[in-house]
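Those sequence lines, one after another, are chains A and B. Sequential numbering from 4 applies to the first sequence in our numbering. Sequential numbering from 4 applies to the second sequence in our numbering.
Keep in mind that a hint or two might mislead.
The list treats identical chains as interchangeable, and a pair is accepted whether it falls inside one copy or across any two copies.
Pairs of lysine to aspartate or glutamate residues, derived as EDC-like cross-links and limited to a Cα-Cα distance of at most 20 Å, are as follows [stated by the list, open to error]:
hint, residue 1, residue 2
1, K331, E88
2, K92, D352
3, K215, E145
4, K280, D246
5, K331, E35
6, K99, E38
Think of the hints as simulated: they come from the structure by calculation, not from any bench. All values reported here derive from a predicted model rather than from experimental measurement.
There are 2 protein chains.
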Amino acid sequence: MNSDQKAFFAEPGTLDMSDYVVLDYFFESTVEPAEAAAHLCQEQSTAQWKRVGVDEDMRPRHAAKVIDLIVERNPAQPCIPFQIEAWTKLWACRVKIAYPIRNIGASIPNLITAACGEGAFFSPGIHAIKLHDIIFPAGYLEQFEGPKFGVAGLREWTGVHHRPLFFGVIKPNIGLAPEPFRDIAYESWLGGLDVAKDDELIFDSAWSPFEKRTRLLGEARRDAEQKTGKKCCYLANITDEVDRLIELHDIGVRNGANMLMINAMATGLSAARMVRKHTEVPLVAHFDFVAPFSKSPYYGVHSRVITKLQRLAGFDAIIFAGMGARMKTYRSAVLDDVKACRDTLCPADAGCPVKAALPVPGGSQWAGSLAPLHQDIGSTDFAIVPGRAVFGHPGGPRAGAISLHQGWDAIKTGVSLADYAREHQELAMSIRHNTQ
Amino acid sequence: MNSDQKAFFAEPGTLDMSDYVVLDYFFESTVEPAEAAAHLCQEQSTAQWKRVGVDEDMRPRHAAKVIDLIVERNPAQPCIPFQIEAWTKLWACRVKIAYPIRNIGASIPNLITAACGEGAFFSPGIHAIKLHDIIFPAGYLEQFEGPKFGVAGLREWTGVHHRPLFFGVIKPNIGLAPEPFRDIAYESWLGGLDVAKDDELIFDSAWSPFEKRTRLLGEARRDAEQKTGKKCCYLANITDEVDRLIELHDIGVRNGANMLMINAMATGLSAARMVRKHTEVPLVAHFDFVAPFSKSPYYGVHSRVITKLQRLAGFDAIIFAGMGARMKTYRSAVLDDVKACRDTLCPADAGCPVKAALPVPGGSQWAGSLAPLHQDIGSTDFAIVPGRAVFGHPGGPRAGAISLHQGWDAIKTGVSLADYAREHQELAMSIRHNTQ
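Between the sequences and the hints, there should be enough to build the whole structure, so can you do that?
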């Protein structure tokens, strides 16, 4: 390592870490790890640190710096089958990089550019790289609004305490006119569904205009509240072009949609933050366009990072890929996302000025999904978000919603699902429907 | 294949293709291809196509439909080492899916949700999937603004005809105060640089406030125009939170920045479209946060798709990963991006209502990059975007800019770079600097 490369390393304790976010990458290199890590810092910060013919150095104030570098192994074969040509030796490493906040400010697009931009993904000698985590100093986080409600506020908003929240995706998701769409949502509320939600694929369309849909469902959920004496929520999807988001927020809220969803990565995290600054109701993120860059263990960006950024952008609840064969997601990755919603975003056990978001691991759930999730998460602070188990329940959406409550009641009373189903027919039907 | 699955297939000629965008995927499945393709269509459209107990079917109007399915091979091993558990046989396929425009409208976030969302990436039996291309009907494209200037308009705007455009990234990219930053940009304009640009990592910072930077560089580029008699452009980076983009556009344009850059995927394509509707100057996209999902041959989204969407969002020039070892990008992928900038976005040779964008393959370029790029692209309609070759040139930025012109003059006169350098010292220095 030459002296130019050494300038991209910092001794522990020499940096004021309140001035840095920490980027935690896996990488595999074909050059010595220290050289590769120095390149990585250089490319993502002070690519050229002086003018020609001037005695100056931008690196002390503006360079990204290696604060930890571990060589995990020397693989016999490259971990990805692309981006690599000649090599004689491979190093699989984990590196922590202190990135100067003065370069980027409290801006999500700027942060993404630094952490996931050209510099990080086109660094000499590194063919495989994945951003695994970001850790923030508290002072930086204080410049973000974060969730307006958070988990505690969301429980107050929905009136649901001491158990997981039951979201349900109104189905048929596409093609149904607002009137029948309202009717099935209404049925689900009568069955006790907490949050009847738009599918991520329903937008403001000629066959289901957002104004009409939210008006009918807003009325219906208030009727259901009257009838059940219980708070009912309608989560309307405002995903659309960015210059329509505030308009759709306002229409939705005025019409009685009391939670709003944004397909976060498809719409843009910064656009979501814009809505957060304006919103009067809880915001929920859906996980479209996350899998394409988060699924490879060796390349891309870990979903945990995106979950943290969604929380930073201000989502009160975050839907992400959950358990189950269809979701093709490692159990550990699901629990990483749960932690990213709830744990501190700061180092270790430091206090976190950003509220927790409610984790909503999604994907083909039903009453039977509650027990394993509850056990894995170790808390009732989560939601499930079934579609077919409520709106495809053979007894209709009301029975579908009831079956979720029965599933939870079985857990509470310490009875097996099969036993509890003997005297609860909605659950019995649901077991047959989901385990056939 | 059962009758429910058959409903997700369309016979050729039976669909009015002006109502559909065509999504072209590679996938590898562990179930029969027709079954896998039907699942894929179902998941990304009418997941549940009827209410319980109602005789109805949303699929004729709202289902995504397979219009072409080719089994390319039966691999002996899975193409990706994750997301796959048990399998007995594998099918590697290419499928074209007609996606109903009535589901999504002319909205980029909605389109991304449909094409790259939960449905596409969590489909039963499919462990590997990559969106390779999107083809649009002309009537759909007419609902987008597209580039305001396009290639022809950009040539008029910059006054550069009959040769590639020379962009240059002002370096040191980070840490330099506006005054010296201005001075080196000014030098590069005097040397004939067409577009001196902000690095993608320079934002609105305390040490380089956007207002001051654009004011100083706006004045300097007009001075340079006076002095050289040639149009000079300053491309300022307005990347920041979405709710600041219009403000930064207005400040920049008022101060004399006559082109604006947005780190498109880090900021959001839809936010870029919002700026396009407002802009008075050409817009340029930078390629941060594209590699993480586009590099694997077997998983994610091809960069060609993102290039097309950036053009749809209204960028006049698109910087993407270009040739050369550092960029780790297949030559064919670079040329795919070039085509996505320039060719029709419609089927085959149909007319395209969206203007062409200028392709700017980036990455460690210099005068010597011109000849191979010119040959590969087969046209002068492109730009190079060196940093170090201009602003790290041993003779300074003016000499660096001159060396680019000399490199092009060598091509024009049919002389080798080495021969031409004998009587052109800036080029000679550049050759030594870049091939040492």
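Hints, one by one, checked against the model:
1. For a Cα distance limit of 20 Å, the shortest separation of K331 from E88 across copies, 9 Å, qualifies, whereas the shortest one inside one copy, 30 Å, does not.
2. In this assembly of identical chains, the alpha carbons of K92 and D352 never lie at most 20 Å apart, being 38 Å within a copy and 48 Å across copies at closest.
3. Taking the shortest Cα distances, K215 and E145 never come within 20 Å of each other, neither inside one copy (39 Å) nor across copies (27 Å).
4. In this assembly of identical chains, K280 and D246 lie within 20 Å of each other by CA distance both inside one copy and across copies; the values are 15 Å within and 10 Å between.
5. Taking the shortest Cα distances, K331 and E35 sit within 20 Å of each other only across copies (19 Å), while inside one copy they are farther apart (34 Å).
6. When the C-alpha separation of K99 and E38 is checked against a cutoff of 20 Å, the pair qualifies only within one copy, where the shortest distance is 14 Å, while the shortest distance between copies is 44 Å.
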